[in-house]
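J.: Protein chains in written order, with the UniProt record's numbering: chain A, 1 to 155; chain B, 1 to 155; chain C, 1 to 155; chain D, 1 to 155; chain E, 1 to 155; chain F, 1 to 155; chain G, 1 to 155; chain H, 1 to 155; chain I, 1 to 155; chain J, 1 to 155.
Since the hints were derived computationally from the structure, they do not count as laboratory data.
Keep in mind that this is a model prediction, so the values were computed, not measured.
For glycine and all other residues, C-beta sits at the position ideal for the given N, C-alpha and C.
Pairwise CB distance ranges (calculated):
hint, chain 1, residue 1, chain 2, residue 2, range
1, E, Ser36, F, Lys137, 24 to 30 Å
2, B, Thr29, H, Gly151, 55 to 61 Å
3, C, Glu71, E, Ser36, 46 to 52 Å
4, H, Val83, C, Lys142, 48 to 54 Å
Below, computed lysine-lysine pairings styled on DSSO-like, alpha-carbon distance capped at 30 Å:
hint, chain 1, residue 1, chain 2, residue 2
5, I, Lys137, J, Lys58
6, D, Lys82, F, Lys142
7, F, Lys23, H, Lys24
10 protein chains.
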Amino acid sequence: MKDQLTTSALDKEDVTALIIAAKKELGQTWEGIAASIGMSPVWTHSACMGMNAMSAEKAQALVLLLQLPPEAIAVLEESPTKVWSQTVPTDPCIYRLYEIVGVYGPTIKALIHEGFGDGIMSAIDFDMQVTRVPNEKGDRVKIEMSGKYLGYNAW
Amino acid sequence: MKDQLTTSALDKEDVTALIIAAKKELGQTWEGIAASIGMSPVWTHSACMGMNAMSAEKAQALVLLLQLPPEAIAVLEESPTKVWSQTVPTDPCIYRLYEIVGVYGPTIKALIHEGFGDGIMSAIDFDMQVTRVPNEKGDRVKIEMSGKYLGYNAW
Amino acid sequence: MKDQLTTSALDKEDVTALIIAAKKELGQTWEGIAASIGMSPVWTHSACMGMNAMSAEKAQALVLLLQLPPEAIAVLEESPTKVWSQTVPTDPCIYRLYEIVGVYGPTIKALIHEGFGDGIMSAIDFDMQVTRVPNEKGDRVKIEMSGKYLGYNAW
Amino acid sequence: MKDQLTTSALDKEDVTALIIAAKKELGQTWEGIAASIGMSPVWTHSACMGMNAMSAEKAQALVLLLQLPPEAIAVLEESPTKVWSQTVPTDPCIYRLYEIVGVYGPTIKALIHEGFGDGIMSAIDFDMQVTRVPNEKGDRVKIEMSGKYLGYNAW
Amino acid sequence: MKDQLTTSALDKEDVTALIIAAKKELGQTWEGIAASIGMSPVWTHSACMGMNAMSAEKAQALVLLLQLPPEAIAVLEESPTKVWSQTVPTDPCIYRLYEIVGVYGPTIKALIHEGFGDGIMSAIDFDMQVTRVPNEKGDRVKIEMSGKYLGYNAW
Amino acid sequence: MKDQLTTSALDKEDVTALIIAAKKELGQTWEGIAASIGMSPVWTHSACMGMNAMSAEKAQALVLLLQLPPEAIAVLEESPTKVWSQTVPTDPCIYRLYEIVGVYGPTIKALIHEGFGDGIMSAIDFDMQVTRVPNEKGDRVKIEMSGKYLGYNAW
Amino acid sequence: MKDQLTTSALDKEDVTALIIAAKKELGQTWEGIAASIGMSPVWTHSACMGMNAMSAEKAQALVLLLQLPPEAIAVLEESPTKVWSQTVPTDPCIYRLYEIVGVYGPTIKALIHEGFGDGIMSAIDFDMQVTRVPNEKGDRVKIEMSGKYLGYNAW
Amino acid sequence: MKDQLTTSALDKEDVTALIIAAKKELGQTWEGIAASIGMSPVWTHSACMGMNAMSAEKAQALVLLLQLPPEAIAVLEESPTKVWSQTVPTDPCIYRLYEIVGVYGPTIKALIHEGFGDGIMSAIDFDMQVTRVPNEKGDRVKIEMSGKYLGYNAW
Amino acid sequence: MKDQLTTSALDKEDVTALIIAAKKELGQTWEGIAASIGMSPVWTHSACMGMNAMSAEKAQALVLLLQLPPEAIAVLEESPTKVWSQTVPTDPCIYRLYEIVGVYGPTIKALIHEGFGDGIMSAIDFDMQVTRVPNEKGDRVKIEMSGKYLGYNAW
Amino acid sequence: MKDQLTTSALDKEDVTALIIAAKKELGQTWEGIAASIGMSPVWTHSACMGMNAMSAEKAQALVLLLQLPPEAIAVLEESPTKVWSQTVPTDPCIYRLYEIVGVYGPTIKALIHEGFGDGIMSAIDFDMQVTRVPNEKGDRVKIEMSGKYLGYNAW
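Construct all of the structure, not just a fragment, from the sequences and the given hints.
T.: Given below as structure tokens:
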């Protein structure tokens, strides 16, 4: 029954598959797609993976650029349910980030408390850049995160 | 038996407790301690927590600054065993970092592959800064990570 | 070594024990303590359990009210590390709350998205009340939560 | 074999898919659907997700409203098996609720014991509202839960 | 610090240890203790283990019977935090009960739904008896549970 | 390959689906089916769910009653592999049973040891009844379990 | 408080420590201790580890043999709570047994069903021997388990 | 794509399904199949389940006996990847074996060390028999394991 | 929808299946394939399993050798997401490696710190060989790993 | 009670602490200790950590070298129970080894099957070396493992 019911509609996973296929066919890069729709590469890739919602305008621009079916626009605008299945990620590139949180998490917390007060860095009002920094001992990956400081409420 | 055997020697946990107590008594900040020993606040806090090893010179400077017992120097120089007990951290300030890895981990991976090739950002040849960025809608926490790109070997 | 080092200072766990002992001895209630320091019972209990930080003023009022040692003031002001050890709580009173999140979590999410947009209810800029509502079929527990809506950033 | 056996009958998952598709096509909202069948948005969404059972009357009203096949009525009336697969939810909007239970669960428990006695708030004889509260510093999500107090039996 | 702070007061664990020691010394049985205080053996043992709260009257009777220190009365009256550390119990006698829930849980659920409607058996308004039933093929353990039926609310 | 190989034979899951479909179509209840084949409702439901094996005679009676295909008889006679996928069940009706084991498991164990000796209640030589007990404060669910006492062997 | 309360009584862990110390001092072996009290080595070691209960007679014989304090007798007679903390054992010698259950568990189950019917091998009415079997390619460890067949009840 | 690619070849799971179907059709038993190919029932069942590799000769004998397609021979010869998905098995017949490892694992280890030295019983150079032992109090299941003693290397 | 979308493109899993099928058909070995493309057996197998990325040149050589479809070349060049689903591997051959890490991990760490300083062996700039070493007491498996030493950064 | 009972005897943990303290005081290295007792550094460190048993001769040599109390000899000779508490190790130096098993485990397995047959590399009849290999792009850590090939038995 389900197959019949759901095949008439695209979901986020379908749109991600369409985007990846179109990106290959058109020889696009994430940098290039991001520039075309006027957004950052991190946010653009994340939204294409179904981990962020697009505004109508950005969704239309993406659909136009990648020649996706028009039904994809509404799907790209939907609020995603953010799910990851590996509590501890196994891919080495992602695990290193998990390790950094394990090793430096208490340090980041202490410095936020010292520098701002009792609160956190928001992961919602948040942005991130990933860039390449040339270095003669070997180029470096630079990750810059910025999140609004949120102080705990007392009531 | 054990109590007798181990009380004669400081371990990393003892030195961390001594540092925290001295920091309070002397009214120091992590920023201030870091400046005094000529290192960054992130690295300094991390080494004081027993999550990084100090050079002899930096250990001596710290011991002098905080008036720690001289035996602490050798302890600060030891290579730590980095252990965290919560697979998923519960403190909200640290959890948000875990969440960022869950949501944006695959994106960071994709952009590293696009920008560098098949490899990772090192978490060993690595540094990090945490700073406050004034913003009229509410100041922001900025976290900058930089790690050497390591390409996979083929043999 | 550690015992010597740490016995000179109170930590959050010690202060919680002192508060509970004093509360019993003085025949106080959480409602009463909260009223005395001019805060809500939920926040007051939470801060006494070491799960929230007090302002200097509130800490002084509490120490005065419960005749705690003056060193407790600084401890109550510290930013706590919020830790819970049971991923799934076993106490029936707390488990029911976990169950409500399991059953109604996706519903709350859907209604927030419908009512506000792509975002969340903050658990930081947040407050909560627990009250008794008389009811002839049996009185009811009312829990009211209020958190600032935080919309996802796009960049 | 199974495909043949089960395709002749709708299950709760199928009906949920039909509801979501019909809601989109008809441009309905959860608020609107709830009002149409004379129930609250929280309960209505939950029952549509297959996490609560409908009375015959409400099921008929919903089927009529959304033009679902008549077989859906009996499915909506069935007692669901409530299953959630993530012990710790990853979606940020749902995780924040889990975090609130972790941080404030013991506080809610203490206040129930102080205000009512040795017992719990029922999650069965229970209702909940989610509303938007305008606020000049940013609107707030208000969640109100009400459950019957159940005192422990002694025998 | 903590040792000093807490040694002045008995907690539930201490009272359990005092009860077990007194029970041995006085040659009492759980059946006997239960009869003496006019309660069932299941509830009596459970309250003595710190898993249920006693009324003032029952606590006094127990303290008198077992010659416990008078401070134990208030402790026995406190609402316990019910904690078990093994998600899957290893002791064979307890594991068999866990296995019964695994094998027959869905069956009990189906029969409750068929016999009562959409709801559950309360574990709060609940009582249990454990008795020996003579049988020529080997005596049998009989466990009788009775809990109030709680129907799900719709709102 | 697999589809071809296995579609020629019914397995326990198929037979369960056939039973549920037939039960609906014929307007049967578990009580009624159990009475028809001369067994208890608990055992009958459990065997229909594929969690117990039927004798040839009972399997034939069931197949006749529900007009199942004759191949179902052999399947109903097979020894099942009893599997449950949720270590901690999430459905509230089943979770309450798990909670009872957590809270009262050690009590049941203590009373078995006091009443019988060092041993357990068998979950194999075992039977159970679920019944409705009228009560003016609200009807109650009664669960009666009976298992053979098995004493530990010493050798 | 607790230390005072519990130091007056031996528990199973204490008696195990006393046995191990006495065994070393007296130069005994498990084989020898077992022979002296007229029981098998497997059961004797298990009871000495606190994983089985001794009869009064065997407990007395053991206490006499190893010159333990007389209070140890009652402790050895108590029904133990069998707890193991590693769900998957790490010690290679024990892990291999776990591996055998993983690899051959379904085979043992199939052969029991074929040879006996729908039931299990009891782990309660159970005994085991561990012996050395000389073999020119390297001696072998022989483990013989024997448990009563228990057939599932139907009711 | 995958379906096309893999349907041309049998894998171990397919061959297991073919064996079970053929065994039913031909009215064979595991005992009988084992005798026909000149191997033990434990090993034969295990190899048929895809948990051991057959020699070419045994695979041919089995294929001939059960009239399997000739492609099955190569599949039966392949080294299996031994996977079990339940860390703690739920089926009661298999769980009892897990329980035996939990209760008696340290005992088996102690007796191996006492009888052989510092080493283990191999689970690779290993064999096992399951037999029925008549007993007037109820027949018993006998499991005999034999594995080569492997002493730890020192270098 | 998805089936249509994805069947037009090969993914890493498809290519692995094609390689395994071709290897069988052509009677190739991993040693032989590796030699043909001028790489080591470990790396070649790993890349064929989709756990490493190939250069264009090596991918072309492999596709030519195994007569794979030309679309496979691009797939073999893609950076893989390295995922393993068993936290603790169950296959005995792989588990032994996990056990070696558990037993000797702290030793390898100590010797790296003694021999190199505070750092690690890279698992990215890494290579490995597996060879057979004849030995009259039984041939041995030799595994040689070599990874670049990476010293921790201080900043 | 326990403290009194166990303080009279050293256990493996005590001896490890004594070794580490003596090593520091005497300015020894693991390389040096190993050379002094005529064993490899890997095995020597492992035995000193209590993860392997020493022969009487090696234990005496070690005790003499490090001026340990003579009771340490018997402790060093005992068969250890090998326990590690982190299923997934967090220390980066050890995690990389875990990662290598995750990524290359199936490859090592495939090459062992191709090169030897259906069997494993023993982790018992096993040895390992860790050495430094100079390299102009950065020195490398070389880990060489050698374990006896064990072929699966068929019976």
